[in-house]
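Protein chains: 2
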Amino acid sequence: MMLDTLETPCLLLDAARMDANCELMRSRLKGQGVQLRPHVKTAKNVEVARCALDAADGPITVSTLREAEYFFDHGFRDILYAVGMVPSKVPRAANLVRRGARLATIVDSVAAALGLVEASRRENVSIPVLIEIDSDGHRAGVAPGDPRLLDVAGALGGHLQGVMTHAGDSYNCDSTDAIRAVAERERAAVVKCAEDIRAAGGECAVVSVGSTPTATFAPSFKGVTEVRTGVYVFHDLVMAGLGVCGVDDIAISVLGSVIGHQRDKNWVITDAGWMALSRDRGTARQKVDHGYGLVCDVQGVPIEDLVVADANQEHGIIARRGGGAIDFGRFPIGARVRILPNHACATAAQHGEYHVLRHGRLAETWERFSGW
Amino acid sequence: MMLDTLETPCLLLDAARMDANCELMRSRLKGQGVQLRPHVKTAKNVEVARCALDAADGPITVSTLREAEYFFDHGFRDILYAVGMVPSKVPRAANLVRRGARLATIVDSVAAALGLVEASRRENVSIPVLIEIDSDGHRAGVAPGDPRLLDVAGALGGHLQGVMTHAGDSYNCDSTDAIRAVAERERAAVVKCAEDIRAAGGECAVVSVGSTPTATFAPSFKGVTEVRTGVYVFHDLVMAGLGVCGVDDIAISVLGSVIGHQRDKNWVITDAGWMALSRDRGTARQKVDHGYGLVCDVQGVPIEDLVVADANQEHGIIARRGGGAIDFGRFPIGARVRILPNHACATAAQHGEYHVLRHGRLAETWERFSGW
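Protein chains in written order, with numbering that gives the first Met the number 0: chain A, 0 to 371; chain B, 0 to 371.
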C-alpha cells in the first residue's frame with residue numbers, strides 16, 4: 000500500500016470508490032432527465048469536480064465566493080452560489096461576471112432582492128437570481144404558498160431566473176421511505192412555487208432541488224430542471240446510516256498512527272484527533288453511533304465495532320462501541336489505522352490535501368483549499 | 000470600527016484582551032516561581048506566541064511537528080512536542096534537532112520508549128523525553144504508582160529528562176473548588192512520579208503540568224518546574240462557563256453577516272456556519288449551553304440570550320436561547336454580528352488569518368497555519 004510512507008494524520012481518497020459514486024449519481028440523474036449540478040463545497044478540489052461531472056466545465060454549485068473564484072479559474076463557467084446573497088458580496092461576484100462567469104445566486108426576501116438589484120446596478124452587471132424555497136422548515140427560504148413569494152419575484156424583476164430548495168431534513172430520516180417522502184415534498188414545494196410565479200407572469204426557467212439523500216431516492220423529478228448534490232462523491236457514515244450508501248462506498252478516510260494504549264480501559268490512542276476528523280458527531284442521532292469515526296485496518300476494512308469513542312485536538316481514543324476488550328496485538332505502537340468519517344464535508348475541511356489511492360497504491364496528491 | 004470592509008465570515012482578534020490574558024497568566028506563574036511554556040496549538044501564529052511569552056524565543060509546547068517546524072523557523076528553540084512520539088516521526092524531529100532545536104518529546108510505554116531510542120540512534124541524534132503521566136484517567140499516560148513507570152524510565156536511559164501530565168478532566172469541573180482539587184491531583188501525580196524516578200536513581204529535571212483551568216486556579220506548584228497552558232491567550236465560552244475567565248475576556252470572535260430571516264420561527268440566518276465556527280459544542284455539557292456560539296453586536300457586546308442555535312456548513316441560525324421573540328429591527332439584511340466561540344482552538348482552526356483589532360480599529364492581519 001505504501002501508506003507507511005505518509006505522515007499521519009492525513010486524508011486518503013479511494014479513487015475507485017469516488018469514481019463509482021460519481022458514475023452512479025450521473026447515470027441516475029441522466030436517466031431521470033434532469034441536469035446534475037454537483038455541490039463542490041464537499042471536495043473543494045478541481046479533480047473531484049471533474050470526476051463528478053465527467054467534464055471539465057459543467058455546471059456547479061458553490062457555498063462560498065472563494066469556491067466560485069477557484070472553480071472559475073479552473074475552467075468552470077456556470078456557477079450557482081447557493082447561499083443567500085447580501086449587497087456587500089455583490090462587488091466580488093460582479094468581478095466574476097465581468098470575467099465571463101455565468102454566476103447565479105439566491106435570495107429569500109424582498110429586502111435581500113432589492114439589495115441585490117441595487118448593488119448589481121451599481122456594479123453595472125446583471126446577476127441571475129433563484130428564489131430560495133423552504134421545503135421543510137429546516138433553514139432558509141420562502142414557504143410554498145406564502146404570498147411573499149410573488150413580492151420577492153416582483154422585487155427581482157429581470158434578475159429572476161427560477162426557484163431552488165434544499166431538503167436538509169432528509170438527513171434526519173429513519174428509512175428510505177421517509178427520504179422518498181421528503182424528496183417528494185421537496186419537489187412539490189419548488190414546482191408549486193415555480194407554477195405560482197409563472198401564473199403571475201414571471202420567469203422561472205430553473206427549478207432546482209438538492210440533497211444527496213433525496214437525489215438518491217426521489218421517486219420523481221417531474222417539473223424539476225436540475226439537482227444539486229454534494230456529499231455523494233465521497234459518502235460518509237451519516238449517508239451509510241441513512242441507507243444512501245454502504246460503508247464500503249465511503250471514499251475518504253483519515254490515516255492515523257497508534258501512539259499509545261490504555262490497557263486497563265481497553266483504549267488505543269492514535270494521533271487522529273478532532274483536528275484530523277473534525278468535531279462532527281453526525282451519527283450521534285442515528286441508530287448506530289460511530290463516535291468520531293469507524294476504525295478500519297490499513298486496507299480500509301472496518302474492524303468490527305471499533306470506533307473513535309472520544310477525541311482531543313491531536314488524540315483519538317479508539318474503543319469498542321459500547322465497551323469491551325480490545326485485541327491490542329493488532330495495534331502495536333506505530334501501527335496504522337484508517338478512520339471513516341461521520342461527515343465527509345467536515346472531515347475533508349480539516350485537511351489541505353487528498354492522498355489519492357488507485358489500485359491500492361498512492362497515486363497522486365490533490366490540493367484542497369479552504370477559507371472564504 | 001471599519002469592520003464593514005471585511006469579507007464575512009472571518010476571524011477577529013481583540014489584541015487588548017489577548018494582551019491582558021497573556022499578562023495575567025505570565026504574572027501569575029512568575030509569582031508562583033514556575034516556568035510558563037505556552038501551548039501554541041491554540042493560535043498557530045508567531046505574533047500570539049510572542050505575546051504569550053513577552054519574548055521572541057521562550058519555551059513553547061506544540062501538538063504537531065508542523066508547529067515545531069514553523070515556530071523553530073520563527074526563532075523559537077526550546078520546544079516540547081507534547082503528543083506521544085512514534086518512530087515514524089523521529090526523522091522529521093531529528094532534522095529539527097540537527098538544525099539547532101532543543102526538541103523534547105513524550106512517551107508513556109516501554110514499547111514507545113524503545114522505539115524512540117532506536118529511531119533516534121539511527122538518526123544519530125539525542126532527543127530528550129518526558130514520561131507522560133495519567134493524572135486523571137482521561138487520555139494517555141502512566142498512572143501514578145504503576146510500576147511500569149520505572150520500566151519506561153529504564154527503557155529511556157539517558158533520554159529521560161522528566162515527567163509531564165495534562166489534567167484534561169479540569170474541563171469537566173462544575174466549580175472553581177473542583178478545579179483546585181483537579182489541579183492538586185495533577186500536581187501530586189506528577190511530583191510523586193518524579194520522586195519515584197529519582198528514588199530509583201533516574202534523572203527527572205523537568206516536572207511539567209498543564210491545562211488552562213488548573214494553571215489558573217492551582218493552589219500550589221510545589222515540585223513543579225513548568226506549566227503548559229494554551230487556550231488562555233484567547234479564552235472562550237467553555238472557559239467562561241468554568242469561571243476561568245469572563246465572557247468579556249474572550250479575545251476572538253467570528254464576524255458574520257445577516258443573510259436572511261425566518262420571522263415565524265424567530266430565526267436570524269447568517270453566513271457564519273460550522274465552517275466558520277467549528278462543530279465544537281463544548282458548552283453543551285455546561286450549565287449554560289451557548290449552542291454554536293454567543294451572539295454579540297458588531298462592537299462585541301453580547302446580545303442577551305442570542306445564540307447560534309444550529310449551524311450548517313455556511314449557515315448559522317441565530318435564535319433566543321430557549322426560544323422567544325427576536326427584535327428583527329436590529330438585524331437587517333447585511334447587518335454584522337460577532338460570535339464568541341465555544342472552543343477557541345477549534346474555531347481558530349477553521350480560519351487562515353486573524354483580523355487584529357486595536358483600539359476598536361482593524362490594525363493588522365496575522366496568518367494562521369494548519370495541517371501536520
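Read the hints as simulated data drawn from the structure, not as lab findings. Values in this document were obtained by computation on a predicted structure and should not be read as measured data. A few of these clues could be false.
[Said to hold, decoys possible] Chain B stretches covered by chain A per the calculated footprint, using a threshold of three residues with CB under 8 Å from any CB of chain A:
(1) 269-283
(2) 302-316
(3) 327-336
(4) 348-356
[Unchecked claim] Below 30 Å or equal to it, Euclidean Cα-Cα: the simulated DSBU-like pairs (lysine-lysine) are:
(5) B:Lys191 x A:Lys264
(6) A:Lys264 x A:Lys221
(7) A:Lys286 x B:Lys264
(8) A:Lys191 x B:Lys264
(9) B:Lys286 x B:Lys264
(10) A:Lys29 x A:Lys264
(11) A:Lys264 x A:Lys286
(12) B:Lys286 x A:Lys264
[Claimed, not checked] Per label pair, the in silico range of CB-to-CB distance:
(13) B:Ser125 x A:Phe327: 45 to 55 Å
(14) B:Phe327 x A:Ala177: 27 to 37 Å
(15) B:Arg320 x A:Ala54: 41 to 51 Å
(16) A:Asn171 x B:Phe327: 26 to 36 Å
(17) A:Glu22 x B:Arg91: 51 to 61 Å
(18) B:Arg320 x A:Met1: 48 to 58 Å
(19) A:Gly156 x B:Gly328: 40 to 50 Å
The beta-carbon is built from N, C-alpha and C at its ideal position, and this holds for glycine as well.
Honestly, do arginine 320 (chain B) and alanine 54 (chain A) meet the 41 to 51 Å range at C-beta?
-> Since the Cβ atoms of arginine 320 (chain B) and alanine 54 (chain A) sit about 47 Å apart, the hinted range of 41 to 51 Å holds.
Go check the segment 302-316 of chain B versus chain A for me, would you? Three or more residues, Cβ under 8 Å, otherwise it fails.
-> holds (count 5)
Could you grab the alpha-carbon distance between lysine 286 (chain B) and lysine 264 (chain B) and see if it respects the 30 Å cut-off?
-> Roughly 25 Å separates the two Cα atoms, so the pair holds.
Cβ-Cβ distance between asparagine 171 (chain A) and phenylalanine 327 (chain B): within 26 to 36 Å?
-> Given range 26 to 36 Å: holds, Cβ gap about 27 Å.
Taking only the CA atoms, is the gap from lysine 286 (chain A) to lysine 264 (chain B) under or equal to 30 Å?
-> Measuring from Cα to Cα gives roughly 29 Å; hence the hint holds.
Counting residues of the segment 327-336 of chain B with a beta carbon closer than 8 Å to any beta carbon of chain A, are there 3 or more?
-> holds (count 3)
Does the alpha-carbon distance linking lysine 191 (chain B) and lysine 264 (chain A) stay inside the 30 Å limit?
-> The hint holds at about 22 Å.
Would you check chain A against the segment 269-283 of chain B, counting CB to CB pairs closer than 8 Å, and say if three or more residues qualify?
-> holds (count 8)
Consistency of beta-carbon spacing, phenylalanine 327 (chain A) to serine 125 (chain B), with hint 45 to 55 Å = violated (30 Å)
Okay, glutamate 22 (chain A) versus arginine 91 (chain B) on CB: inside 51 to 61 Å?
-> violated (39 Å)
Take a look at whether the Cβ-Cβ distance between arginine 320 (chain B) and methionine 1 (chain A) falls inside 48 to 58 Å.
-> Given range 48 to 58 Å: holds, Cβ gap about 51 Å.
30 Å Cα cutoff - pair lysine 264 (chain A), lysine 221 (chain A) = violated (55 Å)
Hint compliance for this structure: hints 6, 10, 13, 17 and 19 are not met, and every other hint is.
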